[in-house]
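So the protein lines, in turn, are chains A and B. Quick note on numbering: the working numbering labels position 283 of the first sequence as 772, and the sequence is numbered without any gaps. Quick note on numbering: the working numbering labels position 9 of the second sequence as 14, and the sequence is numbered without any gaps.
Treat the hints as calculated values from the structure; they're not laboratory data. Hints should not be assumed to be uniformly reliable.
PhoX-like, lysine-lysine: derived pairs with alpha carbons at most 20 angstroms apart [to be verified]:
| hint | chain 1 | residue 1 | chain 2 | residue 2 |
| --- | --- | --- | --- | --- |
| 1 | A | 777 | B | 92 |
| 2 | A | 660 | B | 164 |
| 3 | B | 127 | A | 660 |
| 4 | A | 777 | B | 127 |
| 5 | A | 777 | B | 165 |
| 6 | A | 500 | B | 164 |
| 7 | B | 92 | A | 660 |
| 8 | B | 162 | A | 718 |
| 9 | B | 165 | A | 500 |
Simulated restraints on C-beta separations [stated by the list, open to error]:
| hint | chain 1 | residue 1 | chain 2 | residue 2 | range |
| --- | --- | --- | --- | --- | --- |
| 10 | B | 163 | A | 739 | 45 to 51 angstroms |
| 11 | B | 224 | A | 667 | 52 to 58 angstroms |
| 12 | A | 750 | B | 227 | 39 to 45 angstroms |
| 13 | A | 513 | B | 163 | 50 to 56 angstroms |
These figures come from a predicted structure and were not determined experimentally. Built from N, CA and C at the ideal position, the CB exists for glycine as well.
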Amino acid sequence: MRYQLIGVNHKSAPLEVRERLAIPESRLPDFCRDLAAHPGIEEGMIISTCNRVEVITHTVNGSADLRGFLHEHFKLKPEDLNPHLYELREKDAVRHVFRVASSLDSMVVGEAQILGQVKEAYATARAVGAVRGQLDQLLSRAFAVAKRVRTETAVGSSSVSIASVAVELAKKIFGTLQGKNVFIVGAGKMSELAARHLMAHGCASIFVANRTYERAIGLAQRFNGQAIKFEDLYNSCDRADIVITSTGAPHAIFRREHGEQFLARRKNRPMFFIDIAVPRDVSADLAKLDGIFVYDIDDLQQAVAGHIADRRKEAEHAEAIIASEVEKFEARAHTLDVVPTIVSLQDHLETIRQAEIDRVRGRMGTLTPEQEMAVEALTRGIINKVMHTPITTLKSAAREAEATTVIDVVRRLFNLQVKAKEIPSEPARKEEVETRH
Amino acid sequence: MSLLWLRFALACYFIGLTYAFFALTRTSELFSRIALHAASVGMVFHFVSLVELFLSGRVVWASVHNGESLLAFLSMTFFMIIYAIYKTTSPGVVVFPIVFFLTFVAAVDEQPVLLTAFVQHKGWLVAHIILIFTGYAALMLSFGASLLYLIQERRLKSKKPSSLISFLPALEVIDQIGYRSLLLGFPFMTLGLITGSVVAMTTYGRIDFSDPKILLSLLMWAVYMIMVFTRWNSGWRGRRAAALATFAFVAAIVAWAANYFSTIHRFAAS
């Protein structure tokens, strides 16, 4: 249980800070490798979404310098970054991971996308070998907890996703979405989801522009839409009433001058920009133009904040589940700590028993099968009786903080060799990434 | 009697007026229904009042108060048409106060009368008045819509969660209401001015362009035309459209006020 976590989320840091910490999908594997190689860290993974950046690690001694890692990898002054960071250890870190996966820490509590994002982050870190036994256990448990929260509470039901809020807003601007055109810039999962919602509400056609033209074609085909070369973006964007943009561009790609061009060509018919990119794709001065409406990810989430109140009660129930799951996980983790000791104690006594039987066998002459069995039973009985107390003590100690002391004492009393711990990671393997949004 | 019915109508419109103030701060489905029913009842009284006036034999259409009463009634008709098409009572925010004001003034007893005793073609005069007033009502509604457009635009730009539950219809719908009223009002206004000129021609034999009433009316018409043109040509909306609509509306009021100092289109003291 030497979990350690550092991060920022929508509550702790404004979008300006989050967008500077965001890690592009393509660079995530490198970041995970660097993290695992960072001094004091055994395993590590990074969740980077538009709402949060979480660095989850299992450390050598429970006090790795995670802040140092962030300072090294992001061009942010410590004084700008530190006030927004939260750092959690052991039980608190476990609880946080459970809450994140269960979507209790999301701005829109209960939204389902976060679980998929956590699963993907986990798969990425695993693929580069940054995640092994300890984090495997934590994450596989987190996925199970998330599932439990979803099935046992109503937190996830009537989830108001970003996409459906975008539709509501579009209706407030255009009245009906019949015959409106949608332009997707940057073929991402979120934008695809939003586009699907808009189409379901009657939008007429879809244009897709993407840096990689092939991806644009792929997405356009799925919607029966039209792929646009990225170079033609500004020439064709005015055909769209609704622009969903989510590119990984480091700078704004829609600026005031573009907006002015669009409006002139559209005879001032309004345009609605849904900017779900972090860092943002639409510059702030564009939103000041008459007839241009820009909602970035924070605005959209604020727009749905009202719905959170309805789910507060369900969230309380979910928090109770999380609390009990954290207890269970902690207990199990400690038990796992004592398991190797118990096994080697058993091995040790079994070796003694076998050696003693072999030693006296010659003196006893030929034994009937019944006698053989009696000797077996007798010696086993003695050993089990002797082992009983140490094992129960170990197991009960596992649930408390003194586990390490007891393990130590038992090992010294019985002169047990310290073996490298081999913790099976089977359960985690079962939880492969199922959903790809 | 006509005046009594008008005062009943006024009482009903008062409910609409309170709704107008109420609706600015919060949304209430119930209150908007009450206001709508009150307005319908008010319109019935209003209609009865106008019919009675007409049947009384001595129709003095050119009386200021009768004119205001007619304008209020036409505005309410527009409001109801919009409700029938768009299912929204929000233009009432602007329409109700104006209608209430017009009806209130009309329901006061004193009646200065236009000097029309020597007008030869009464039919043309009636046509002129009804056409011009329909144009006024349309212009007023268009002005109201442009104000609502500004409010709704600001709400959407403020990005508060309340922008999702605002009582106002969608931005494009408001825009359509404004634009359609504008388009509808234009031919009425134009025809109204033409019939007015005909009346003037037949009465005086010529049109005196130096008369403030005629000058201001032409100015108003010109602003109106510019408005329709820019709206059609460059799709102006939002702040610029609101500024233009305000200008046209003020021009209309000034043109109306010119009755008090025009030599050919003026009121006699009652």
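Structure-based check of each hint:
1. A/777 with B/92: 31 angstroms, violated
2. A/660 with B/164: At roughly 14 angstroms apart (the allowed maximum being 20 angstroms), residue 164 of chain B and residue 660 of chain A satisfy the hint.
3. B/127 with A/660: This hinted pair is violated, its Cα atoms lying about 50 angstroms apart.
4. A/777 with B/127: With a Cα-Cα distance of about 54 angstroms, the restraint between residue 777 of chain A and residue 127 of chain B is violated, given a limit of 20 angstroms.
5. A/777 with B/165: Holds: residue 777 of chain A and residue 165 of chain B sit about 16 angstroms apart, inside 20 angstroms.
6. A/500 with B/164: Distance ~18 angstroms between residue 500 of chain A and residue 164 of chain B Cα, so the pair holds.
7. B/92 with A/660: 15 angstroms, holds
8. B/162 with A/718: 31 angstroms, violated
9. B/165 with A/500: Between residue 165 of chain B and residue 500 of chain A the Cα gap is close to 18 angstroms, so the pair holds against 20 angstroms.
10. B/163 with A/739: 45 to 51 angstroms: Because 29 angstroms falls outside the window, the suggested range is violated.
11. B/224 with A/667: 52 to 58 angstroms: Because 40 angstroms falls outside the window, the suggested range is violated.
12. A/750 with B/227: 39 to 45 angstroms: At roughly 31 angstroms between Cβ atoms, residue 227 of chain B and residue 750 of chain A fall outside 39 to 45 angstroms, so the hint is violated.
13. A/513 with B/163: 50 to 56 angstroms: 32 angstroms, violated
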